[in-house]
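With the hints as extra help, turn the sequences into a complete structure.
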Amino acid sequence: MEHASQEGQSPCSSTFSADEAALLGRCARFYRLFDAMAQGMVYQDSEGRIISANPAAQRILGLTLDSMVGHASWESIREDGSPFPGEEHPAMVALRTGKNVTGVTMGVFHAPLNQHRWIQVDAFPSFLPGDNLPHEVFSTFTDITERKKDEAALRESQKKLEEKDAFLQHVLDNIPQHLFWKDRRGAFRGCNRAGATATGLTSPEEIVAKTDHDLYRNPQDGDYFFRLDLDAMEKGIPQFHNAVRKQQPDGKLAWLDITKIPFRDESGNVDGLLICYEDQTHFTQIEDKLRIFTQAIEQSSNAILITDLQGVIEYVNPCFCRTYGYAAGEVLGNQPNLLKSGNTPPEEYARMWESILAGQSWQGELQNRRKDGSLVWVSATLSPLLGPDGNITHFLSIEDDITERKLAATALKENEERFRAIANYTYNWENWIDPDGKLLWINPAVERMTGFTPEECYAMTDYPFPLIHPDDRDRLACHFSSAVTGQNGDDVETRFLRKDGSDFYGSVSWLPIYDEQGRYLGHRSSVRDITVKKQAREDLFNAKQLVQLVLDHIPLRVFWKDLDSVYLGANKAYLTDWGLASSAELKGKTDFELHPPELAKKFRKDDRKVILGNQPKINFEDKLVWDDGEIRWAQTYKVPLHNPLGKVIGVLGIYDDVTEKKRMQQRLAETLQQMQTILDNTQVGIAFLKDRKFIWINHRMEDMFGYKMSQLRKKFTEVLYPTPEDYRQVGQEAYAQLVQGKPFEIERLMRRKNGRIFWCHLRGMAVNPRDMSQGSIWALMDIDSRKSAEQKLLDLNATLAQQVSTEIAKGMEKERILVHQARHAAMGEMIGNIAHQWRQPLSVLGLILQNIQIDFEDRQLDGDALSHYVADAMNSIRQMSSTIDDFRDFFSPARYATAFNVCQAIQDALNLVNASLKNNNIAVELSGPQDIQMIGHPNELAQILLNLLGNAKDALLEKMPTHPAIKIDTTSDGRHATIVVRDNAGGVSPEIAEKIFDPYFTTKDKGTGIGLYMVKTIVEQRMGGTIVFRNGNHGAEFTIALPLEHAAENEAEGP
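All letters in the sequence shown, in the order written, are residues 643 to 1697 by our numbering.
Don't take every hint at face value.
[What the hints assert, rightly or not] For lysine to aspartate or glutamate, the following EDC-like pairs were computed, each having C-alpha atoms within a straight-line distance of at most 20 Å: (1) Lys852 to Asp873; (2) Lys801 to Asp785; (3) Lys1357 to Glu1367.
[Said to hold, decoys possible] If you anchor each label on the Cβ, the simulated ranges turn out as follows: (4) Thr1613 to Leu1508: 51 to 59 Å; (5) Ser1430 to Gly1348: 16 to 24 Å; (6) Glu940 to Gly1029: 22 to 30 Å.
Calculated from the structure, these hints are not laboratory results. The beta-carbon is built from N, C-alpha and C at its ideal position, and this holds for glycine as well.
Below, the structure written as structure tokens:
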């Protein structure tokens, strides 16, 4: 390709090959990716100064690009809050060591947010081909502030989980029942503390892996229970409350109440057995005695009655029922006054109560009433029953029926005494109303209950309605009408009015009365005050409401079912979980109506185990599938519900949604694994100590001292100190700092396992300065190499001045010789170029002289022709003179830096060698922006380019490619100008490439080996730039990067 100026084009025209265009495209995509990355990315030069940073880095650090460029790193702190030294910054460490530095955590102050943020930094050094030291470093970092917060929350959650596990273990160990669990082969997996004590073991852990053969002295007993358990697992059916007789070591028999529940794995196969037993021997003996006493009482010919202290009947024997005609259920819960006939004098009852309350028995005769209304005389003995504390708990009445003996004597007085008892002593308000509704008789109880006297009641024309609450009169009128017509009325609860205006609740019952001919004579009504009972019912209702309110406000889900697993109720949290608006939508349903079949089957199976086994199933996890497909995990407890008699009537379930806890546990495990990996791969030794004993060390610590973790665990750190005195001294100094919450830091000699002493940097912090028993964390770094280097530096400083002076003198002399040689070499090159430039005008002058001679011989040389020839000759001479001026300017450097156009300076250099290149058919292409301005010395740039062009020309002439060419590309980023010079001569071998800038290194027969060395010297020392060589796709490639204003900063300097 011809040079651009020959085609009338701009000297910096842009022409790219397909490969170059693709490369530029990849570069553009890289820059877009660089700017779009979510991670912060920073480039720093070999001195640690920031060159560039992507937007993510600026956002994470809260800094602008302008405030970062040119500075070394950024201010930061360690995780313990101490400042992060600049020399320990990951980028600086990577530059210093030439190695990757990863996983460093540091805190930075984010000014826009006015808060500290935590970042994790990785630094990667970059090398130029052939260099041993990095020429720049690339750092990436991520904002881990939220992750550190999550880690703290996760640690807190784990602590709570551990506390909960400890609590549950405590509960298990305090259950009085003996619990054991076995694997499928019959070996014990574990037991609770009660089980361990019962088997003669000191702790539950001792039973693991043992069998029944190991626990029973008699092999037959061990084999018997072992086979029973295997049989239970083989059947796979729970066995509840089996009574098993077992012979004790002393020969006595013991009765055990044993429940066995098989465990099943996820596939439903039995893989173990839960065994729970209680020693029922004492209860069995008591039951035997009670059975004998009960039979004696049941078969007694005397009527026997037992009441509590309030006189409520708790027991009657069959003879009592035969004597009075009541079924047991009709009297239990009532008081003995239902037997009163009213014929026994109150004084007799008073004497009776005085005796039995004094703890003495009373004997006497009583006239009572049977259920059919007939009277019965009994000879009664009443005795108080004492409890273990000696206090009266019950009263016992033993009665003998003496009716026949007393019947004759009391026949005449029976009706009179009965009426008197009704009139004067009945507790209830009694009435007798005729068929027309008129009050015939009323007892005095009405005055006690209502405040109205019997006389006031007789005077009422519409009795009993004035004594009934207005809101209840209509309802009670219907019942009254039925009673007046002779029909039996059901008991009715209604409100009555007292004379003072207050009200109370009463229960009204009606009984029609007929004469011997069956004629209706009226009816008797009885009113019983049930205010207390009613209030008790309301209190019970309110209590139930309170319980429901409490259940609805606890964070756990609670539900309860009957024996058929039909829902009876649940709290609000449970209803919300399953999308139910109220308990009404739940009651009466089963799990099969609420959940998927597989989940319902599992719930039903768990219910049956608890109900049939009469044992709770606690702390197990359920996998719950919501309607939208979401999977949640629940920690569930199920316990059997019992009635007051101890009979199982249903199941109570409680579960807690532990989905987030499980996720947090998973994240905690992952985080702990990451932290373990980071600590094990850090280049700093880390140790966790308690009471100066090793608890844990990382791999670097093992490598540094030669000990394995297992060798140091629980041992004092004294093994790492050269002497016991060193160990004691460091302990005293460190404790004084650590107890104040300050870090302790020191550099001192330590001892490896092999006995070698080395320098080590120690830094420690207390975990909790207020409680030193929690231990301390120590970071140790091997600084032996650094200490050696420091000593060498001290030795060097002693003779440094003399060595520096000597070396400077040598260097200046060497530099002078090289410059002199370079100028002579360049001058010889220039002379050759001048010869190429003069060759054409000299040929023109020769033709002019020949034409003058021919015209003179032909007598055609006149004044005009001569003037024409002279003018042509002068043009050629002026062209040769201009060439001399151009080369003189090249060898006449300016003292002061000036602003010049980079492309024009390159073009001027090309003009000096253009003839030579064209003569050898070497095409030159110059491309790039033509407005790049820089301050400096243009002749220095020309000298650089002439050397590079000369080397390229020699290589092309040696290799002779088909189309020899040289390409020069220029670019600028606003701070630097970049010039790339390429040829297509095929490049050089790697061995030559490594030495290409060395002085006196050449591959030419007559080369001096100082050309490229001077180029590198001028670029780096004179112009403040860099030059890099590499083998390109088709040949050698030199890349020069020059600061646009470097020369201005050093204007006073000159060649």
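Evaluation of the provided hints:
1. Restraint check: the Cα-Cα separation between lysine 852 and aspartate 873 comes to about 18 Å, which is no more than 20 Å; the hinted pair holds.
2. Among the hinted pairs, lysine 801 with aspartate 785 is inconsistent with the structure: their alpha-carbon atoms are about 26 Å apart, more than 20 Å.
3. Among the hinted pairs, lysine 1357 with glutamate 1367 is consistent with the structure: their alpha-carbon atoms are about 18 Å apart, no more than 20 Å.
4. Evaluation of the 51 to 59 Å hint for threonine 1613 and leucine 1508 yields a pass: the beta carbon distance comes to about 55 Å.
5. At about 20 Å, the beta-carbon gap between serine 1430 and glycine 1348 stays in the expected band of 16 to 24 Å.
6. Distance hint check for glutamate 940 and glycine 1029: the Cβ-Cβ separation is about 24 Å, which falls inside the suggested range of 22 to 30 Å.
When each numbered hint is compared with the structure, a violation occurs for hint 2 only.
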